[in-house]
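Please assemble the complex out of the two chains, which come individually in their own frames, going by the hints.
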Amino acid sequence: MIVPLEHVVALSLAIFSAGVAGVLFRRNAITIFMSIELMLNAVNLALVGFSRYYNSVDGQVFVFLVMTLAAAEVAVGLAIIIAVYRNRQTVNIDEINLMKN
Amino acid sequence: MLPLLFYFAAAIAVGTAISVVLSRNAVYSAILLVACFFSLALIYLLLEAYFLAVLEIFIYAGAIMVLFLFVIMLLNLGQEKAQEHFRYLQRGLSLFLVIVFFLGVSLILLSDSSVLHQSHETFSAGGVKVLGEALFTKYLLPFEVASLLLLVALIGTVYLAKQKI
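Protein sequences, first through last, are from chains F and X. Our numbering puts the first residue of the first sequence at 96, with every later residue one more than the last. Our numbering puts the first residue of the second sequence at 277, with every later residue one more than the last.
Bear in mind the hints are in silico, worked out from the structure with no lab data behind them. Quick caveat: nothing in here was measured; it's all calculated off a predicted structure. Glycine is no exception: its CB is placed at the ideal position from the N, C-alpha and C atoms. One or more of the hints may lead you astray.
To be verified - Okay, the calculated bits of chain X under chain F, using three or more residues with CB under 8 Å as the criterion:
| id | region |
| --- | --- |
| 1 | 282-290 |
| 2 | 301-313 |
| 3 | 324-337 |
| 4 | 342-350 |
| 5 | 369-377 |
| 6 | 425-437 |
As the list claims (entries may be wrong) - Here are a few chain F residues that sit away from chain X, every Cβ distance over 10 Å (derived from the structure):
| id | residue |
| --- | --- |
| 7 | ILE191 |
| 8 | ASN192 |
| 9 | LEU193 |
| 10 | MET194 |
Unchecked claim - From the structure, some residues in chain F lie toward chain X, with a derived Cβ separation under 7 Å:
| id | residue |
| --- | --- |
| 11 | ALA109 |
| 12 | THR126 |
| 13 | VAL143 |
| 14 | ARG147 |
| 15 | VAL156 |
| 16 | MET162 |
| 17 | ALA167 |
| 18 | VAL169 |
| 19 | VAL171 |
| 20 | LEU173 |
Chain X on its own, in the form it takes in the complex (with noise of 0.2 Å):
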């Protein structure tokens, strides 16, 4: 029943990835958006990292995509014009690098799968109480260097919105 529920989860994410890449619009891309990020939580929550699934919820599906949306209706992109020229050699070009590496990574999956062993039975360090303990024990420099980083990101983002640059 779980790994089907898996394959149902992965189906969609896939489905709602590529979707997002060949819609026109940029808001039907941001809505598909949001529903693979959702199907991604419930693969995180089968994959018992319960933490990370509220957390992908919370922070992609409600701060990043309201984030989005916002700046796609305040610059009022509505549907993508078509291209008067189309690029042959350009889509032809991408096309076939995204082929290439698809296949190359599936081949070495495929060919040296022999290094993978039984995983674990029991999962123990899927909860909140684990995680934290790790981020502010072991990963603690990390842990404040990204809270830097935020403040970077913070400083960086009003002087940017500034009106004169």
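For reference, chain F alone in the conformation it holds in the complex (with noise of 0.2 Å):
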């Protein structure tokens, strides 16, 4: 391994803490989506970094199965902005704040 897992684990918990910072900050749906996405690639970098670490496949079949999850979560989650947008005219989400209307 090229360098050590730490740095690789270390790397992930950046990412991982961006995206959780863009969540937690951002009032834009998009971004936050966005910022789900950085969250997914963080988990899927940890874990390509143990499957190298432990010589074993069953990491990267993890991050092939994060990727298809990711796939699907982006089309229905963007359906589902769009459709929000449709109706509110926004995609700030202070102002989509009730279920009903």
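Rendered as structure tokens:
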């Protein structure tokens, strides 16, 4: 392994923290969604690092499944955002606070 | 040389990830996120996960980000309006929580690294052959369930995209 595993996990932690900050700070639903993608990628990076560390393919299979999940999640999530925008003319999550209308 | 490349890609990944969060323009965020995915793909290459590096570019930078950009342009989201009243309590609390999370996990990471021994020198699980074998033998059921998940997502998206919900 070219770098210690700790460095890979630290990088993963930094990217995950950026994603958490995005979800907490931003009010734009699409930016929040992109932050969620960042967090998924951080987890993928940790899985790849551990897969390399333990010389095992299992972690990479999980990354494969997470990528599938991310694709499905993006399709459904963006469809929901478009549906909300069509009804409310906004994607600011502070203004989307009712389950009805 | 290769470790330097890793740290270079890591710096770009962290920098673009933070810029994604800080940028007020959603289009800039999307482009920066693509840059972040490319540097992550480089890191996957350096960690000898060759197939996943290709998938990262194909699926994330190719499919997912195009979908994001398409929606951003469809909704005509320009500059995010500056907020009239800053929510100081909300922002302060968010910053506090992020810092606590970061420092907490860093502490765990730094304090308990004695469990980590020397990693394997050679790596034999990075190619598409080994991954394919694992997917179609040991992980056959999760693989099939993933296809079911994609089908459900497809039906859900078509239903949500109808004019009247």
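Checked hints:
For a cut-off of 8 Å, the count of residues in the region 282-290 of chain X with a CB near a CB of chain F stands at 5, and the three-residue condition holds. Given a C-beta distance limit of less than 8 Å, the hint that chain F covers the region 301-313 of chain X holds, as 6 residues qualify and 3 suffice. For a cut-off of 8 Å, the count of residues in the region 324-337 of chain X with a CB near a CB of chain F stands at 8, and the three-residue condition holds. Chain F is given as covering the region 342-350 of chain X, and this holds because 5 residues of the stretch bring a CB closer than 8 Å to a CB of that chain, at least three being needed.
For the region 369-377 of chain X, the proposed coverage by chain F is satisfied: 5 residues have a C-beta within less than 8 Å of a C-beta in that chain, meeting the threshold of three. Remark: the region 425-437 of chain X is confirmed as covered by chain F, as 9 of its residues place a Cβ nearer than 8 Å to a Cβ of that chain, reaching the required three. A cut-off of 10 Å between C-beta atoms confirms that F/ILE191 is not in contact with chain X; the least separation is 13 Å. Look at F/ASN192: its CB is around 14 Å from the nearest CB on chain X, clear of 10 Å, so calling it non-interface holds up.
Non-interface status of F/LEU193 relative to chain X is upheld: no Cβ of that chain comes within 10 Å, the nearest being about 15 Å off. Separation of F/MET194 from chain X is adequate, the least Cβ-Cβ distance of about 13 Å exceeding the 10 Å criterion. Here the hint on F/ALA109 is kept, as its CB sits about 5 Å from the closest CB of chain X, short of 7 Å. With 7 Å as the threshold, the beta carbon of F/THR126 comes within range of chain X, its nearest partner Cβ sitting at about 6 Å, so the hint holds.
Contact between F/VAL143 and chain X, as hinted, is supported at the beta carbon level, the nearest pair being about 5 Å apart and thus within 7 Å. Evaluation of the F/ARG147 hint against chain X yields a held restraint, the C-beta minimum of about 5 Å falling below 7 Å. Because the closest C-beta pair between F/VAL156 and chain X is about 5 Å apart, less than 7 Å, the hint holds. The restraint placing F/MET162 at the interface with chain X holds, with a minimum CB-CB distance near 5 Å, inside the 7 Å limit.
Checking F/ALA167 against chain X: minimum C-beta separation of about 3 Å stays under 7 Å; hint holds. Contact between F/VAL169 and chain X, as hinted, is supported at the beta carbon level, the nearest pair being about 5 Å apart and thus within 7 Å. This hint holds: F/VAL171 has a C-beta 5 Å from the nearest C-beta of chain X, less than the 7 Å allowed. Proximity of F/LEU173 to chain X holds as hinted, the smallest CB-CB distance being about 5 Å (cut-off 7 Å).
Violated hints are absent here; each numbered hint is respected by the structure.
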